[in-house]
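Engineer: Here is how the chains run, residue by residue.
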Amino acid sequence: MATRFKEALDSGKFVITSEIGPPKGTNIDKMEHHIEILKDKVDGINVTDHQSSVMRFPSIGGCLSIKERGGEPILQMTCRDRNRLALQAELLFAYTRGIRNVLCLTGDAIPVGDHKEAKGVFDLDSLQLLETIRLLESGKDLGGNDLDGSVEFCAGAIVTPEADPIEPQLIKFEKKIESGAEFFQTQAIYDLDNFARFMKQARQFPVKILAGIVLLVSARMAKYMTENVPGIFVPQNLIDEMASAPKGEALNKGIEIAGRMIATLKKESMCDGVHIMAIGKEEVVPDILKAAGITPN
Amino acid sequence: MKSITKQKDLDEILQQLQNYDRIFITGCGTCTTMTKTGGIEQVIDMKQRLQDAGKLVTGWVVIPTSCDDMTEAALKENNQAIQDANCILIMSCALGVFKINSYLKKTVIPALDTLFIGIEDKPGNFQEVCAQCGHCVLGLTAGICPITACHKGLLNGPCGGTNRGKCEVDKEKDCAWTLIYNRLKEQGRLELMRKYQPPKNYQVTPRPRKIRIA
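Chains as they are written, first to last, in the working numbering: chain Z, 1 to 297; chain W, 1001 to 1214.
The hints are simulated quantities; they were obtained by calculation from the structure and are not laboratory data. The C-beta atom is built at its ideal place from N, Cα and C for all residues, glycine as well. One or more hints might be untrue.
Which residues of chain Z face chain W? A partial, calculated answer using Cβ under 10 Å [claimed, not checked]: (1) 80; (2) 123; (3) 160; (4) 165; (5) 178; (6) 199.
A few chain Z positions that, by computed beta-carbon distances, are all more than 12 Å from chain W [as the list claims (entries may be wrong)]: (7) 7; (8) 26; (9) 71; (10) 83; (11) 147; (12) 151; (13) 217; (14) 220; (15) 248.
Computed spacing ranges between beta-carbons, pair by pair [stated by the list, open to error]: (16) W:1135 <-> Z:295: 47 to 57 Å; (17) Z:167 <-> W:1104: 53 to 63 Å; (18) Z:201 <-> W:1138: 51 to 61 Å; (19) W:1202 <-> Z:55: 20 to 30 Å; (20) Z:117 <-> W:1205: 26 to 36 Å.
When you get a sec, could you build the whole thing from the sequences and use the hints?
Structural biologist: As structure tokens, this is what we get:
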């Protein structure tokens, strides 16, 4: 049975996903508040998996909260913290609890996070995880054994349109499609001309591409990301536009920019949808959608 | 090939030696001499530092190659000083610690941390180029090892953390998969990178790894 998210992808409509980051600790009030805000406004909600290698409440826990509230979860799964047994087991568990969308990631490196002495696992990579999902769907596990009850997932992956050099990234993108990726959520994009060039390549393949939109909250953040975050390029005119916002208005300027980009992507049918990452400011996602002229489902 | 080592902090060494007052020191004439972590100069320096800390050093020897069978003879030649000690402090890599431990009943304490098997690419600069994983992929990766040179040991291409040819864990470190891509492209062998590589077999020989070569 197709998931709500998969149905949205297949419907040809402009798909909107967003994401939440679980808390460090057991106070899940804020996360649940964000789920309440987002669940009826987007086609799927990603839950990050120890994003940036920072230990948090688990992705699967966030996905269960979304299910309990009638939302559509997208389970982010990295290969950093679990070996192939644990990854398969979690997929089996997720399936039994109605979680049917998975975003397969290799995962950030351990040293960028807050448990620098931990052992990085990386028993599988993102491609091998995609293949594992397709294998489990066939009723077998990675040990070659039969499953008593299989799974069915809408599986996706990520791609970095601004990667430099781009060619190795495109090779991996194609391999992910061959390994069964049905959709891609991209790393943040800000330069629509660069993105259009990427989409020209991507359009040759039968997959859905959701452009990554990361909300800018200050000129400093924009500058920091373009200088330090791999695969993110913020053009100078956007940094200047953020800097031009009057004191206390930077967030509104960021919402305006995000809304404008989404509106353009939609109007010009540049891609199949967007994935909005508001990183800690999830409550403004409805404002971004409003700024983009998008009415809730 | 060299076993690359780093000397432990003196505090840790003294912590491990706290119940021992009479120490015999061994160095190694091969790898730890080349890395200047357990050659004759470092052994003499260690002797001084232990004496300064109130220990009695009963003797010392720099064994030519601590991990080979000649080590037994070198230990026998120093039998008296070894018997006078209640602990042996070893300034070789862990292979030497293992070998010396197999010949003696005394407590052995390593003075070094064994980091990796590597080569010296320029004087004083050591680099790991092989992780001895048990199943070599260099034929598929233009002679550059992704198990070793990629921080995550990825087999199917670069991760999203690659940035202008560098790695997310260290802006000075080359991205292994960018190097592999460039070299495969030069050689007209990019089709190798397009091929899916299945999960790695980590049980080529189960740990501890052993092999009998007839």
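Engineer: Run every hint past the structure and note whether it holds.
Structural biologist: Structure-based check of all given hints:
1. 80: Cβ of residue 80 (chain Z) sits 8 Å from chain W, so the hint holds.
2. 123: holds, 7 Å
3. 160: Where the cut-off is 10 Å and the nearest Cβ of chain W is about 5 Å from residue 160 (chain Z), the hint holds.
4. 165: holds, 7 Å
5. 178: holds, 7 Å
6. 199: violated, 18 Å
7. 7: Non-interface label stands for residue 7 (chain Z): nearest chain W Cβ at 28 Å, farther than 12 Å.
8. 26: Label holds. Min Cβ-Cβ 30 Å, cutoff 12 Å.
9. 71: Check passes; 26 Å lies beyond 12 Å.
10. 83: violated, 9 Å
11. 147: holds, 17 Å
12. 151: Consistent with the label, residue 151 (chain Z) stays out of reach of chain W, its closest Cβ about 18 Å off (over 12 Å).
13. 217: holds, 22 Å
14. 220: holds, 20 Å
15. 248: holds, 33 Å
16. W:1135 <-> Z:295: 47 to 57 Å: Hint holds: Cβ distance 55 Å, inside 47 to 57 Å.
17. Z:167 <-> W:1104: 53 to 63 Å: holds, 57 Å
18. Z:201 <-> W:1138: 51 to 61 Å: For residue 201 (chain Z) and residue 1138 (chain W) the Cβ distance comes to about 30 Å; the hint is violated.
19. W:1202 <-> Z:55: 20 to 30 Å: Taking Cβ atoms as reference, residue 1202 (chain W) and residue 55 (chain Z) lie about 25 Å apart, which means the hint holds.
20. Z:117 <-> W:1205: 26 to 36 Å: Holds, since residue 117 (chain Z) and residue 1205 (chain W) (Cβ atoms, about 28 Å apart) stay within the stated range.
Hints 6, 10 and 18 from the list above are not met by this structure, while the remaining hints are.
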